[in-house]
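Positions in the sequence shown are counted from 1; adding 164 to them yields the working numbering.
To be clear, the hints were calculated from the coordinates, so they are not data collected in a lab. One should not assume that every hint holds.
[As the list claims (entries may be wrong)] Below are the PhoX-like pairs computed for lysine-lysine, each with C-alpha atoms no more than 25 Å apart in a straight line:
(1) 856 to 934
(2) 983 to 965
(3) 709 to 799
(4) 862 to 934
(5) 1000 to 911
(6) 566 to 799
(7) 602 to 709
(8) 492 to 475
(9) 983 to 602
(10) 799 to 602
(11) 983 to 911
(12) 741 to 566
(13) 689 to 676
(14) 623 to 602
(15) 267 to 548
(16) 799 to 1131
(17) 676 to 623
(18) 808 to 1131
(19) 298 to 267
Computed from a prediction, not measured in an experiment: that's the story for all the values here.
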Amino acid sequence: MRRLFIYLPLLVLFFLLPVSSQPLQPKFLQPEGVKNSDPEFSTLWVDSVFTSLSLEQRIAQLILIAVHTDQGSDYYNLIERQVAENNLGGIVFFKGGPLRQVKITNRLQEAAATPLLVAMDAEWGAAMRLDSVKAFPYHLTMGAIAGERLVYEMGHQAGLQLRRLGVHMSFGPVVDVNTNPDNPVINYRSFGESRFNVAVKGIAYMQGLQDAGIIASAKHFPGHGDTHTDSHHTLPLMDHSREEMDSIHLYPFRKLIEKGLQSVMVAHLEVPSLEPAQHLATSLSRNVIEELLVNDMGFQGLVISDALNMKGVSDHYKAGALELRALKAGNDLLLMPSNIPLAIRTIGDAVRNGEIEEGLINRKVRKVLYYKQRAGLAQHRQIKPEHLVDDLNGRQVDVLNKQLAQAAITLIHNEGEIIPLGDIHNTRIAALSIGHEKGNPFQAMLGNYACVEEFSLPKNPSEAQTTEMLRRLKDYDLVVVGLHRNHHNMGRNYGIHNGHIEIIRSLARRQKVVVSVFANPYSIKGFGAVALEVDGLLVAYQDGKDFEEAAAQVIFGGLPAKGRLPVSITPHFPVYKGIQTPERFRITFAEPEEAGILPQYLGAIDSLARMGIDSLAYPGCQIAIVRDGKLIYHKAFGHHTYFKQQAVSLDDIYDLASITKIAATTASVMRLTDEGKLDLHRYIGDYLPWLKGSDKDKIDMRDLLSHQGRFLPWIPMYNSTLTDGKPRPGIFSPEPSAEFPVRVGEKLFIHKDYRDTIFNQIRESNRLRKRSYRYSDLGFILLTEVVERQSGIPLDQYAAKTFYEPLGLATMTFNPLGKIPVQRIVPSENDTVMRKEIIRGFVNDPNAAMLGGVSGHAGLFSNALDLAVLMQMFLHHGEYGGQQYLNPATIREFTRVQFAGNRNRRGLGFDKPSITPANGSPACESASPLSYGHSGFTGTFTWVDPTEQLVYVFLSNRTFPYPSNGKLMELDIRIKIQQAIYDAIEQSRPKENPELNELIF
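Model the full structure from these sequences, guided by the hints.
Written out as C-alpha cells, the structure reads:
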C-alpha cells in the first residue's frame, strides 16, 4: 500500500508531532524473559540457526565482503571458498551486470551454510553499480523536488529492483547535510544543505525502500556533509561544536530513527566534539555509536561500519585490531575487512581472553539473523534469472524517471518573465547545444513547440569554431543554450569551463538568451556575472533524455517550473530559490499514466491502426491524443504509399481536406466575429456584394455555417475545364506566365481569372428546395472571400498570422511546397482525371486546386501534432501559450448545436454527435453531446470532447492511389479508434477499494 505524505508547508508541524508508534521490538532488543511483542515473528528459525553456529561462525556472521561481477572464474572460486569456509554473514555487490550478479548470488547462497545477507551501495538504484539497468536521479536532484511523494516512489522502485536481484539491504539514503559546497565526496549524493529538506526526503526514500522489503541504511553517521577530504583516502575532520552537530548534522538521523529506520552506516570521521580522542574515527568510537546513536538517539536497528579497508581507518589500525575495535564501539556488521581470517581470529581470541563478552557477540548475531529472517531468507535464497533485465527496467521506471526530472527543473533567473516563452510570433529562435550533437532530445523537444534552428559545438570548441558559431547566430532574436555532457565532480567546475561562459556572455550582450545547465547546481557559481546577464537560467541537474525534454518543456510552458535549489550558490541564488511558472501554458508531452490512462489499454489503438494498413484502407497514418492538456499518444504507422519506400514519420504532413473548414475558415470567422468585423445575424450577401440579385444573397450566416443554406453538396467544376479528358487550352497552361500564374499541379497552371468563374458558378448554381441539413462545400468556398474582404488579406495569410504562427504550428499551412521539404509531404492521390500526376504538395480537392490551393473548404496541410495544438486551443477556451485567441463565449456558441429542432446536429462550422442515434453519428458512441470536430475526404479526422478534456487526431491518405477506396469508412477505423480511447479511459478509472482510504505515515 502506498503511503501518503505531508507537504512542505506542514513541515514544522510534522517535526513537532510526537511519534505515534514505535517499531515492534525483536527479541534480541528486549530484556531477558520478556516475550516478543510481534505476533508474526517467530524465533524458531533464529534460535535454530544460532545454536548451530560455533563462536567463529557467529563472528563470521557479522562480516560482509565485497563482490564484483565483472571478474573471472578464479575470482569467483576464491569468493565462494571464503563464504563456504568461514560461513560469512553477507556480501556487498559492486561493479558488474545484473544477470551475472544473480548467477553469482545463487551460487554463493548455495555454498553458504547460513543464508547470506546481500547488500548493495545503490543510492540511485541498482544502476549505481550495474550495467543494463536504468538509473534514477541523484539525491541532490531529488532535493530540488517540492514534496516527497516522488522521492518515496523512487525509493520504492529502487527497492523493488533490489528485491528482484536478490538484494536485502541498501546503503542509503544519504542523509548528510551538505553544508560545504567543496565537499569532495558527498556533494550531489546529498539531498542538499537544509536539514529539513534532507530529513523529509530521507524519510520518504527510506520508507520507499523499506516498504519494498529492503533494509535501508542511512549514512554517513554522524554526518559527512561538511568535510574537505575523502575518508577513502584519509580521516576527514568535522570540527563542529556539539550544538552544531546536534542541530544540523544529526537532525536527519534523529528524524529517520523516529520513523522506523532499520540500519545506520557509521562513517570514518574525526569529530572532536563527539569523540575527544585524537584521530579516533567515529566508526570506532563507543561514545559515538553506543552512547550517542544507541543510548541518546534510541536507535535499535543494525549498525554497520563504513568499509574497513578505507584509509580513513586502515592507516591507523592494523587488520584484526581494527575489526575488534569496530565491534567494541557498537557496530553490528563489519563491512569489508581487509583480512577476514585474521579479523575472525582476533575477535575470537578477545572473547576467549575476556576482553569482550560472548554475550555481546551473541546479541549482534541474533540481531543479524532476525533481519535475515525478515528479508525472507528463512524460506528461500535462489533468484530466477529469467526476464531479469526486463523486470528491472519496467515501464514504471521510465514513467517515474520522467516525473522526477520534470519536478526537479529549477528556474533561478527569469528576466522580464521570458519563461515560459510567450509570443513566439515572428521570433527567430536558435538552439545551441554545447557538448552534444544536433538533434538531441533537448533540441527535438524545443522543435515540438516552435520553428527552432539547431546548432551545436563540441565540448571544447576551438577559437575558430566559437567565432564562426557566434557569427551564424547573430541574426536570431533568441538563442536557447544547452550545456551538456557535464560531470558531478568539482574538478574544472563540473565540466563547464570559461570558454562556455564567454560564448554565453557574447550572446547575451546582443540578443535574448536562455540557458539550461544540465549539471550540478554548484556549477552556476562559475558563471559569475553572466548568470544575471542572460534572460533565463534553468538548472536541470543532470544530463539525459528525461532532463533535456523536461527543460525544453519548461522553457515553452509545456511544463511548469516547480523545482527549488537544494543548495545555496550565490547571494542571488540562495537555497530554496526557484521561480514558479504557470501550468497548462502549452501542451505537455506526457505518459498516459499522467493523464489517468493505463498504457496497456491503448494497445487496441495500435492494433486498429495496423489493421487499416493491412486491410489496404490507407498506406499509413498519424495519430495524436491529448488528455488534460497532455499529449499521451503520438505515433506514426505505415508508409507514404503502398510501395513502402518511405515510412511515415511524425514530422510528415497530410492534406487535411475538409478539416480546413474548422481549422482555417471557422477559426477565422470566429476571430472576425470577436473583432466585430463579422455578424452572424447578417446575410452572406452583406459581405459579398456580387451576390446581390442572386438567390444566394439572403442566406443567413448561421444557416451557411451549419450546412442548411440549401447549397448543392458539390459542383465538379473541373469537368468544364477538360476537353476529351485533357486540360483545355486557354484555361490551363503547362508553363507559368502573367496570364497563367496559379499553379494547380507539377506542370499545370490555371488562368488568373478562373477564380471569378468558380465563384460565378456558385452564384448561379441551383439551390435545394428544403431548408434542412445538407453538407456542402459551396458555402465554405464563399467564406474564403468573406474572410479576405473582412480581414483585408487572403484566408491563408490571415489564418497563419492570427493562429498558426503565434501558436508555433510550423507544419500547418496552405500550399506547403517551398515551405516544407517535399519528402515530408504525404501524397494524397494518383490524379488520372485533371492533373494526370501523383498529387504531392498540392491540394487533393480539384476545386480548391483551381482556386490556387487556398479555399475555405479544403487546402490546409498539417501533421497530427500541430492540428492537436489548434484543437487544444479550442478546448482551452481559446487560450494557449499565454495568449487569448478567441473569446470563450464565441467557442461555446460555435460548438453548440444550432438547429436541433430542424434535426440538424451541426454547430457553426463544427460537426457534432448525432441528435438521434438512429441517424448515425460522425463520432463514436461515447463522445459526449458537448464534443465537436470534423472529418476530411482524404481520410482525416479530429474531435474534441470537453467532458473528458480530450483531443483526438487521425490523419491518413486513404485516397492514395485512388479516392474510390472506401475501406476506411467501411471498417470505421477512425471511429473505432476514438471509441478505444474512451474505453481505455473507462478501464483505467480507479475502482472502489476501502484500503485506499486508509492513511499511513
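Now the hints, each set against the structure:
Simply put, residue 856 and residue 934 have alpha-carbon atoms about 21 Å apart, close enough for the 25 Å limit, and the pair holds. Taking the CA atoms of residue 983 and residue 965, the gap is near 15 Å; set against the 25 Å cutoff, the hint holds. Our distance criterion of 25 Å between C-alpha atoms is met by residue 709 and residue 799, whose separation comes to about 19 Å. Proposed proximity of residue 862 and residue 934 is supported: the alpha carbons are some 15 Å apart, at most 25 Å.
Note on residue 1000 and residue 911: the hinted pairing holds, with a Cα-Cα distance of about 10 Å set against a maximum of 25 Å. About 19 Å separates the Cα atoms of residue 566 and residue 799, which keeps this hinted pair within 25 Å; it holds. The straight-line distance between the Cα atoms of residue 602 and residue 709 is roughly 14 Å, inside the 25 Å bound, and the hint therefore holds. As the CA atoms of residue 492 and residue 475 are separated by approximately 20 Å, the hinted pair is consistent with the 25 Å bound.
A distance of roughly 22 Å separates the Cα atoms of residue 983 and residue 602; the hinted pair therefore holds under the 25 Å criterion. In summary, the hint linking residue 799 to residue 602 is supported, as the alpha carbons are separated by about 23 Å, within the 25 Å threshold. This hinted pair checks out: residue 983 and residue 911 have alpha carbons roughly 19 Å apart, not beyond 25 Å. A threshold of 25 Å between alpha carbons decides the hint, and for residue 741 with residue 566 the separation of about 22 Å falls inside it, so the pair holds.
This hinted pair checks out: residue 689 and residue 676 have alpha carbons roughly 21 Å apart, not beyond 25 Å. Distance check on the hinted pair: residue 623 and residue 602 sit about 13 Å apart at the alpha-carbon level, within 25 Å; holds. Annotation: proposed proximity of residue 267 to residue 548 holds, straight-line Cα distance about 9 Å (limit 25 Å). Distance restraint check for residue 799 and residue 1131: the Cα-Cα separation of roughly 21 Å lies within the 25 Å cut-off, and the hinted pair is therefore satisfied.
A distance of roughly 23 Å separates the Cα atoms of residue 676 and residue 623; the hinted pair therefore holds under the 25 Å criterion. Distance check on the hinted pair: residue 808 and residue 1131 sit about 19 Å apart at the alpha-carbon level, within 25 Å; holds. For the hint linking residue 298 to residue 267, the alpha-carbon distance of about 20 Å falls within 25 Å, and the restraint holds.
Checked against the numbered hints above, the structure violates none of them.
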